[in-house]
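*Asks:* Sequence lines, in order, name chains A and B. 1 is the number of the first residue of the first sequence in the numbering used here; add one for each residue after it. 1001 is the number of the first residue of the second sequence in the numbering used here; add one for each residue after it.
Think of the hints as simulated: they come from the structure by calculation, not from any bench. Hints are not guaranteed to be accurate.
As the list claims (entries may be wrong) - Taking CB as the label site, the calculated pair distances span:
id: 1; chain 1: B; residue 1: E1364; chain 2: A; residue 2: S331; range: 45 to 53 Å
id: 2; chain 1: B; residue 1: V1287; chain 2: A; residue 2: S501; range: 54 to 62 Å
id: 3; chain 1: B; residue 1: L1406; chain 2: A; residue 2: F276; range: 17 to 25 Å
id: 4; chain 1: A; residue 1: F276; chain 2: B; residue 2: I1462; range: 36 to 44 Å
id: 5; chain 1: A; residue 1: G157; chain 2: B; residue 2: R1348; range: 48 to 56 Å
id: 6; chain 1: B; residue 1: E1364; chain 2: A; residue 2: L31; range: 53 to 61 Å
Note that CB positions come from ideal geometry on N, CA and C, so glycine has one too.
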Amino acid sequence: MFAELPLLSVLIWLPILGGVVAIMLGDQRDLLKPFALGIAAVTMLLSFGLYTGFDSNTHQMQFVEKLPWIETFNIFYHLGVDGFSMPLIILTTISTLLVVVAAWEVIQHRPSQYLAAFLIMEGLMIAVFSALDAVLFYVFFEAMLIPLFLVIGIWGGPNRVYATLKFFLYTFFGSVFLLVALLYLRHVSDSFAILDFHTVALSLDEQIWLLLAFLIAFAVKVPMWPVHTWLPDAHVEAPTGGSVILAAITLKIGGYGFLRFALPIAPDASLALDWFIITLSLIAVVYIGFVALAQTDLKKLIAYSSIAHMGFVTLGLFIVFDIFANASTGSGAVLAIEGAMVQMISHGFISAAMFLAVGVLYDRMHTREISAYGGVVNTMPKFAAFAVFFAMANAGLPGTSGFVGEFMVILAAFQANFWFAFLAATTLILGAAYTLWMVKRVFFGEVANNDVQALSDINRREFWMLASLAVIVLLIGVWPDPLLDVMHASVEHLLTQVSQSKL
Amino acid sequence: MFQVPNMLFALPEMLMLGMACVILLVVAFTGSRRTAWVYGLSQLTLLATAVVVVWFIGEGGLTFADTYIKDNLSDLLKLFICVVNMLVLLYSQAYLKARQLLQGEFFVLAVFSTLGMLIMVSAYHMLTLYLGLELMSLCLYAMVAMQRDSGVATEAAMKYFILGSIASGMLLYGMSIIYGVTGSLSMNEIALAVAAGNGDETILSFGIVFLVIGVGFKFGAVPFHMWLPDVYHGAPTAMTLFIAAAPKIAAFAMIIRLLAEGLIDLQHHWQDMLVMLAVLSMIVGNVVAIAQSNLKRMLAYSTISHVGFLLMGVLSGTQEGFSAALFYTLIYALMTLGAFGMILLLSRQGFEAEYIDDFKGLSERQPWFALMMLILMFSMAGIPPLAGFYAKLTVIKAVIDVDLLLVALVAVVTSVIGAFYYLRVIKVMYFDKPLVDHKLEAGSTMQIMLSANALMVLGLGIVPGILMKICTIVFA
């Protein structure tokens, strides 16, 4: 059924055009919200077509579309997905649908522009994940900044202007080096196709410079310590939807960038510099874990926990070189990459759920200070059940998706170096500490004040929003195979690319 | 034996000259009673010239004893100059009227200045080039000075005139040195002489220094940029728009004819000079623009940084680089037109919307035009999917292809710095509350054309291929 339909193009342009129509509908129409919801829902359902039509036996790009775009420079409108990008696209469509649902009654100020920004954003993010042409990738990679900049700046908190400018300039600074790197790769490979970049021969020096450029670009996005400082600011000031998209998807673009660009294009440099990236990742896991412990603002706590969790992703991606050095079999390396991927997907859902949960509280109390809460479970029992569940998942409770990714990466890390695994495993303690302590202070105990006493439990919309996420988190937690199967061939292929020296 | 030169190659210029004389006569006989006629006549002149240019596209060659050229480059640039100036006149009309500046003289000066630009574009001889340059410049000096009772404008005009004259002097001096060494003023003969190795390279490079200084002055490249912010700031906004848009296209033609066609074999000499100019322009332009609270002044410094980018394409010395620079120039003209057009749109009787704060809360007062300004600002900052991004992409690609990685790095880092002040305009429009509220005074034609202008920046960002291809063909 999907064979003749240019599915990826539809997934990209349907929400973008939907966003434009939403702006034109204006704020007054009753039609606006159902329309936005419809577009997001249709896009999500269509994106499931990627999963059902996906052939998991091959690492080749699927659903490929290739049309000339800028002929002078041989730039193509070239799309396709493999086992890495396909799950991330589905993550994107699900998150966007939830953001639209979350905005329903909450956004009163210019709702048409708010919904339009997220729909356009959705199309751009899907395009980033499916672009196979370097210029196409870069165009969408950068274009994403515009809606997010406006979302934080218009609908954000009191300090939003500072936060959004910092966010924009930080990420823009990172990505211009990516542009230079891509143009340099075009110069040596005489093509703008990302897959051609994978095979071009490069000297070690060239690879190191390229890797550093990729590192600046993607480390800011991930974000890795020490270029993470924009994230807590952006998260705290962003509206709920902005935080969800930021945490669930834009951070993943950093991890995806490492998978798509850094590792296959510069394997020898990655080998030479893996100690550096592993060190940064471990600092993120351990140090940022402690920083999260000290937070008094709910969103800031989740933001720091995101940085710590994303540390696992970069750790998983770069320990493969140590595993190759130690073990004769590649099974540990497969575990590491797949663990990183599962961690990305799982963190996407869990962080989205956490931010939505904070949003639910914020809509009622208009504060994110942990000290303003206490005993919420007494007045919002249903909500508290969800929140505690997501907090457990965030802490890596077995049976939730949070456990799978972290466990796989830690297991793989043992094959690389005992101390890597040891330090990474501290997250099981730290993560549990900061999340559960937060849960205790916000949800349990006596009702802290009259505001909490006056809280009303979640309505049906919020219930289904959180329940759907809970189901997904649980499903991946107990049965991750459907997710692992689709990426397996791509992971194997990546490992052969990485293990072959380009020198 | 005397040969009748091929007049057809200069038909657009002759048409424009004839029409300029007609306009002059109409102005002389009707005084200030019939400015609407004069306005219509000027637009008609520009339109007719553009049509003639398009009509005779293709066939080309040298004429008037090899002093004049018609080629694809000249056709494209002339077309753009005419179209850009039509928009300039359109955008300026209401603004000038409100300030009693909508007089016949303005249109006479505008048409003669356009004629000067067309001559510059087609000049294939250093004296022809100089002739066109002076015709254009003298008209511009007078335009800036038209607001006689304004001290700032008069000061700007004086500054422009004196520094412009110095630049012309430098250029003439450089030309005379080149003439002294090669024995010719015609571009192709100079190129032949240089290729044959006639003349001392040291003296030639000495001459090139003065040529580059002259061109740098006209472009406003650092360190020859001092006049630019003051003139942009001091001149009435309509005049600023006129100076900022089309003359840069003509200046591009000048640098191409001089360096890329006449002195291409001495590229190793002028490349280093242009690298200095480009790098300094990008740094100074972008850094100083941050400190500006006046939008016109900010755009002046932003122009300086754009000139730096444009020179990057030229200095690479490849066909690809020249077409990249051409693409950049055209996109730049389009963006500048839109940005100053927006100031003109928001200005009204007794109020100049020239401070950044005047744009406060624009998204609540005028959501549509705030969106247009947003497109223009993001495009100037070089954020895809807007045209400004592809302009930067092509020039950066051009320098990377000739292994000037450091220049490329300076370019991208300064463009991050530059993003800050463009973002500030967007911040003011979208994140701040409005201070004042007022209706737009401009006519609907202007509103539609300004919207079309901004949407074109977006459209060229989504399908940049066609214009890029044209720019490549021109240099192929």
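*Asks:* State the violated hints by number, sorted upward, taking the hints as numbered earlier in the document.
*Replies:* As far as the earlier hints go, 1, 2, 5 and 6 are violated by this structure, in ascending order.
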